[in-house]
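Engineer: Sequence:
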Amino acid sequence: IPSLREILNPQNALLVPPGDAKALAQGIQNVLSDQLLATRISQQARKDVQQYSWGNRAKKIIFFLR
Numbered sequence: 529i530p531s532l533r534e535i536l537n538p539q540n541a542l543l544v545p546p547g548d549a550k551a552l553a554q555g556i557q558n559v560l561s562d563q564l565l566a567t568r569i570s571q572q573a574r575k576d577v578q579q580y581s582w583g584n585r586a587k588k589i590i591f592f593l594r
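Using the numbering used here, you'd call the opening residue of the sequence shown number 529 and step up by one each time.
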């Protein structure tokens, strides 16, 4: 989904082609078997998502309205 590409990227998510069940299964297996990969992705995702918190979103809306 194009809108998700604004948020998800190879640093904060394990991306696979849409509709490719084998790639999805392999991606899940990779994350489950590689603790360093899982930790790196989850830490980056947590950091990246902070800009989308309700508080930050409200600040952006208020800034836009002013």
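Everything labelled a hint here was simulated from the structure, so no lab data went into it.
Careful, some of the hints might be misleading.
For each label pair, taking beta carbons as the anchor points, the in silico distance ranges come out as [stated by the list, open to error]:
1) Ile-590 to Val-559: 16 to 22 Å
2) Ser-531 to Trp-582: 32 to 38 Å
3) Pro-530 to Ser-581: 18 to 24 Å
4) Arg-594 to Leu-542: 35 to 41 Å
5) Ala-541 to Trp-582: 38 to 44 Å
6) Ile-589 to Lys-550: 19 to 25 Å
7) Ala-549 to Arg-594: 46 to 52 Å
8) Asp-548 to Phe-592: 34 to 40 Å
9) Asp-562 to Leu-593: 40 to 46 Å
10) Tyr-580 to Pro-545: 23 to 29 Å
11) Arg-594 to Asp-548: 29 to 35 Å
12) Arg-594 to Leu-560: 44 to 50 Å
13) Leu-542 to Ala-586: 26 to 32 Å
14) Pro-530 to Arg-568: 20 to 26 Å
Glycine included, each C-beta is placed from N, C-alpha and C at the ideal position.
Engineer: Compare the structure with the hints numbered earlier in the document and write down the numbers of the violated ones, lowest to highest.
Structural biologist: Hints 1, 2, 5, 6 and 11 not satisfied by this model.
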